[in-house]
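Trainee: Listed below, chain by chain, are the residues.
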Amino acid sequence: MRRKNEAPQPCIRPEQPGPALERVRERVRTCIQCGTCTGSCPNAFAMDATPRKLWRLVLMGQTREIFETRTFALCSDCYCCTLRCPRGLALTDAMADLKQIAAAEKHGGDPACTAFYRAFLRSARQYGRVQETRLMARYLAVMTPRRPLMPFRFSGLGLQMIKKGKISLRRPAGGRTLEGLFARIESRRNGQ
Amino acid sequence: MKYLYYPGCSLESTAREYDLATRAIMHALGAELIEIPDWTCCGATAAKAVDRRLALAMPAVSLSLAETVESAADVLVPCSACYLNLKQVHETAATAPRTLAEINEILAEESLHYSGKARPRHILDILSKDIGPTGILQQITHSLSGLRVAPYYGCQCLRPYRVFDDPEAPTSMDALLAAAGADLYPWSMAARCCGASHMTTNAEVSKELVFRILKSASGADAIATVCPMCQMNLEGYQGWISSRYGEDVRIPVYYLPQLLGLAMGLPARDLGLDAKSARTVAPSAQ
Numbered sequence: 029m030r031r032k033n034e035a036p037q038p039c040i041r042p043e044q045p046g047p048a049l050e051r052v053r054e055r056v057r058t059c060i061q062c063g064t065c066t067g068s069c070p071n072a073f074a075m076d077a078t079p080r081k082l083w084r085l086v087l088m089g090q091t092r093e094i095f096e097t098r099t100f101a102l103c104s105d106c107y108c109c110t111l112r113c114p115r116g117l118a119l120t121d122a123m124a125d126l127k128q129i130a131a132a133e134k135h136g137g138d139p140a141c142t143a144f145y146r147a148f149l150r151s152a153r154q155y156g157r158v159q160e161t162r163l164m165a166r167y168l169a170v171m172t173p174r175r176p177l178m179p180f181r182f183s184g185l186g187l188q189m190i191k192k193g194k195i196s197l198r199r200p201a202g203g204r205t206l207e208g209l210f211a212r213i214e215s216r217r218n219g220q
Numbered sequence: 467m468k469y470l471y472y473p474g475c476s477l478e479s480t481a482r483e484y485d486l487a488t489r490a491i492m493h494a495l496g497a498e499l500i501e502i503p504d505w506t507c508c509g510a511t512a513a514k515a516v517d518r519r520l521a522l523a524m525p526a527v528s529l530s531l532a533e534t535v536e537s538a539a540d541v542l543v544p545c546s547a548c549y550l551n552l553k554q555v556h557e558t559a560a561t562a563p564r565t566l567a568e569i570n571e572i573l574a575e576e577s578l579h580y581s582g583k584a585r586p587r588h589i590l591d592i593l594s595k596d597i598g599p600t601g602i603l604q605q606i607t608h609s610l611s612g613l614r615v616a617p618y619y620g621c622q623c624l625r626p627y628r629v630f631d632d633p634e635a636p637t638s639m640d641a642l643l644a645a646a647g648a649d650l651y652p653w654s655m656a657a658r659c660c661g662a663s664h665m666t667t668n669a670e671v672s673k674e675l676v677f678r679i680l681k682s683a684s685g686a687d688a689i690a691t692v693c694p695m696c697q698m699n700l701e702g703y704q705g706w707i708s709s710r711y712g713e714d715v716r717i718p719v720y721y722l723p724q725l726l727g728l729a730m731g732l733p734a735r736d737l738g739l740d741a742k743s744a745r746t747v748a749p750s751a752q
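Quick note, the sequences are listed as chains A and B, same order.
For the first sequence, our numbering begins at 29 and goes up steadily by one.
For the second sequence, our numbering begins at 467 and goes up steadily by one.
Hint data in this document are derived by calculation from the structure and do not stem from the laboratory.
Nothing false has been slipped in among the hints.
Distance condition first, Cα-Cα at most 25 angstroms in a straight line; then the derived SDA-like pairs of lysine to any residue: (1) Lys191/A <-> Arg716/B; (2) Lys134/A <-> Glu50/A; (3) Lys595/B <-> Glu498/B; (4) Lys673/B <-> Arg174/A; (5) Lys673/B <-> Ala77/A; (6) Lys134/A <-> Val671/B; (7) Lys192/A <-> Arg489/B; (8) Lys468/B <-> Arg489/B; (9) Lys192/A <-> Glu478/B; (10) Lys673/B <-> Pro176/A; (11) Lys681/B <-> Phe180/A; (12) Lys583/B <-> Gly202/A; (13) Lys191/A <-> Gly705/B; (14) Lys673/B <-> Arg98/A; (15) Lys192/A <-> Gly731/B; (16) Lys192/A <-> Arg735/B; (17) Lys81/A <-> Val671/B; (18) Lys673/B <-> Ser709/B.
Here are a few chain B residues that face chain A, going by a calculated C-beta distance under 10 angstroms: (19) Ser476; (20) Trp505; (21) Ala523; (22) Asn668; (23) Val671; (24) Ser672; (25) Tyr703.
Source: prediction; values computed, not measured.
By construction, the Cβ of each residue, glycine as well, lies at the ideal position given by its N, Cα and C atoms.
With the sequences and hints as input, model every part of the structure.
Mentor: Okay, structure coming up:
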């Protein structure tokens, strides 16, 4: 967000956003800034910019400010805003668009979410199905240097699950990998 | 009654008992489940946070595999996140033919094709519409009378698609639990978000959401859920959350089919209620 001593940006003429952000802007074009999304969002209390403010930033093409917020990264896909938006805007999908732009351009977003999604998809790609134990091991390996206490929060639950035979290091069942599918999508993305 | 069955990744490990209980009650209710051959991961919330094509192509693989089975078209899905992802592809097939064609082009190299015929349905949809409270009532041998249950629906089986219940004030699970004899615990948190994967990535957010839900359920004996993510979030961190907030919010959290199965007289072992794969909180912590 803008720092205190920084001059306010002129907000008469919106900036020209890149094509990816243009898609998001198209989604929220008819936003009337009523704030129903913010009032409906279970995670708004933890966000630095409210969802309503984020849509305004999108409409104004304030790219830098958008990706400095944690707002879109904290969306947990509950679809309350989408359901209640009086303009019928697909706001949860717009949040997902912003997550995708942050992931593709490797700026903004939340480092823990990024690490988790990456570990998740790596497992799905390799085995076809997610191997939850290996996913958590990979995720914690990335996160522990940043947040040394993080593994302790999961250790109790992890031990319970091992004791009950719910988690193991076995390969998931099913033999179909998603390696080819991921590779084809990657080559399409690069070909754009 | 025949259904295709998409268990999803969690039901093979951390939510094993949900798989057991689902299979057990559907069998007892006279429904045949045909597991989709070689199904793969739906992408959960990870794929849609990274790439829009991936978010559709991953669930489309399993739906196209479902269409190779000719004897059934409805796909029973117990996990709410899997359900929503599969449903999104199904909706795309109905409303966005160009996007569907693009996804099918990606699938074609593996000789897969999704036409839109295989229809994903959440387990709560099938239990409440196809079987119905009356169908459940006929099977009840051990009424849950005296057990105060708070029905917890979560988000993605209700929203954004309005399919079988009111997305803000759902009642489908209430009727099923009432048929099983349970006393319904009235509360306002039934369709509130548990924070999903934020319990892993941004626990300070999810912890607050889960605390509010658990605190609101404090007059109930148990919570009933229909999603592996909700179940783990609501039950797996109760000790930690209780100590963080200085308030005891511990309560058992069951899957709906476990409670229905108990009322139908099915053995605890078949419902994953035995020591091997039952509640994830230490008994001493209950």
